[in-house]
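Colleague: Chain by chain, the residues run as shown.
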Amino acid sequence: MTTASVRSIYPSPGGIDPRRLRREFPIFANNPELVFLDSAASAQKPRAVIDGTAEYYRTDYANVHRGVYRLSARSTELYEEARDKVRRFLNAADRREVVFVRNTTEAINLVAQSWGPAFLRDGDEVLISELEHHSNIVPWQLLRDRTGIRLVVAPIDTTGGLDLSAFEARLSPRTRLVAVTHIANATGTLVPVERVVELAHRHGAKVLIDGSQAAPRLPVNVQALGCDFYAFTGHKVYGPTGIGVLYGRFDVLSAMPPYQGGGEMILYVSFEKTEYQEPPHRFEAGTPDIAGAIGLGLALDFIEELGREAILEHEEALTGYGVDRLSRIPGLRLLGAGQRRLGILSFDLEGVHPHDVSQVLDQHHVAVRAGHHCAQPLMERLGLSGTTRASLGVYNDESDIDRLVTAIEAAREMFVR
Amino acid sequence: MIDLRELYQDIILDHGRHPRNFRKIDHPSHFAQGHNPLCGDRMTVYLALDGDRISDVSFEGRGCAISTAAASLMTEVLKGKTITDARALFAQFHARVTGGELEELPEPLAEEMDRLEPLTGVKAYPARVKCATLSWHAVEAALNGGGTGTTVKTE
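Sequence order for the protein chains is A and B. Counting with the numbering used here, you get residues 1014 to 1430 for the letters of the first sequence. Counting with the numbering used here, you get residues 280 to 434 for the letters of the second sequence.
Be a bit skeptical, because a hint or two may be false.
Which chain A residues stay away from chain B? Per the calculated CB distances, all over 12 Å, these [what the hints assert, rightly or not]:
#	residue
1	I1063
2	V1373
3	E1393
Label pairs and their calculated CB-CB ranges [as the list claims (entries may be wrong)]:
#	chain 1	residue 1	chain 2	residue 2	range
4	A	E1393	B	D331	35 to 45 Å
5	A	G1274	B	D331	58 to 68 Å
6	A	A1350	B	D305	52 to 62 Å
7	B	R341	A	R1341	22 to 32 Å
8	A	R1083	B	G378	53 to 63 Å
9	B	G378	A	T1419	29 to 39 Å
10	B	R366	A	A1350	40 to 50 Å
These are computed hints drawn from the structure, not numbers from a lab. Note that beta-carbon positions come from the ideal geometry of N, C-alpha and C, so glycine has one too.
In isolation and in its complexed conformation, chain A is listed as follows:
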């Protein structure tokens, strides 16, 4: 077997079966007590990704786009096949629209540092939202400091969703780019990106969507969305760390200067002048994370085998169950109430600091994230220093939520009197 083909081992006629799926994730066999509710930070890895990556190193490894020898050709083929898998995963029109990067953060920085200075002038505006992760704030601040652009922030409404009319009001003839998240990592609220793209394009602005939390949970169709950029990271879609994707529409990518210089991204180099490759190679300087890309491809195979719709259905049902159970706990306030949320349950427990909550939860083997979730401006806006966040994956089921609830009740018992 080569690493490129994976047998169909996850037939899921009745949707997702987390109990069975857990057997595909060795972390659970090695940590039998673990209730893992931190997939929004990073998802666990299925056997297919772990073994497939090792198998690639054992069987097909060589550098890519270099050697004449057959092994290098095979390795190149596998690497480029992974690109095709990403194209299908996003329903991009062209494989050349898929750029491999390290993670979402690097994808956004690539746009900020390449597209930004090439197309933005003093006084131009980049519009983001209050829901953003630091990785969709700081790259634009760096760009602002270099170029004199304005960074405009669209506020949230009272329930913690994007305020669409306020967003629309902030679009101006100077708005060149709208950069928003698809699902807010700190609250789980969905942003109506279809509407955002429509409004932004009407004002002639390009749109970048941070798909970090959406890619593992929702079917994503960049052509239907019509966005100009879409970014996501491998380790949140059950793939390896160190690999991520920037999708860019081909005409947009083609007009962009290189991001980093080096090998791999050139056609011809002399000391006087260098000709650059076409996208995507123009943006992939140096030896890429070949095994990471192949591992990501295997993770996407895994997701496709489960079915994107089935995963969405699973995440929605379990989110609903979680909302229902958690809302019954006295003193617990869930963020984004009244908003459509997916896969993320972020809450404040009255009188108990998130770090104390998660400490007690850990004692009950429940792994969650506590703190500001790299979204400090949002936390400040909500009047919180942080929250406790439980997030879901395909391996979670109702029993995990039940154990979460039991552990939260133990925390209340200890701290609230």
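Add chain B to chain A, keeping to what the hints say.
Modeller: Coordinates of chain B only, in the frame set by chain A:
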């Protein structure tokens, strides 16, 4: 399984819920802000010095049970001490929670140190050591800063 009550002893839960000296000193001779970037917690400590003696000490801010209790106990222990005593107590406390080298303390200070003993449970939870030492770092920064409010970060 480690018993969580080693970390959250009754005295910590009590001081976490009902912190002592949780107030502002109006005209402090020294003050500083402590900031834990990991969790976003911020806390301000205020000192009133009479010569080299701490006549009053207090704190304000938002934190977890550990950092609140640690600050509360610290204010109780520091009141009436000299700056030299305060520094010696911090060195000893820091060593106890991080497992560092212990130096002999004079008898009255050793007794005060015993009052901080419940906080040493954090030693088993490396991520929480910073919670226990945040207020102490802030006091040190306040004393070093010579009356101007500075900010000290735990990392």
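Colleague: Each of the hints needs a verdict: does it hold here or not?
Modeller: Now for the hints, and whether the structure bears them out:
1. I1063: holds, 27 Å
2. V1373: violated, 6 Å
3. E1393: Since the minimum Cβ distance to chain B is about 9 Å, E1393/A lies within 12 Å and the statement is violated.
4. E1393/A x D331/B: 35 to 45 Å: Since E1393/A and D331/B have Cβ atoms about 39 Å apart, the given range 35 to 45 Å holds.
5. G1274/A x D331/B: 58 to 68 Å: holds, 60 Å
6. A1350/A x D305/B: 52 to 62 Å: violated, 40 Å
7. R341/B x R1341/A: 22 to 32 Å: Distance hint for R341/B, R1341/A holds at roughly 27 Å.
8. R1083/A x G378/B: 53 to 63 Å: holds, 56 Å
9. G378/B x T1419/A: 29 to 39 Å: Holds, at about 33 Å.
10. R366/B x A1350/A: 40 to 50 Å: holds, 49 Å
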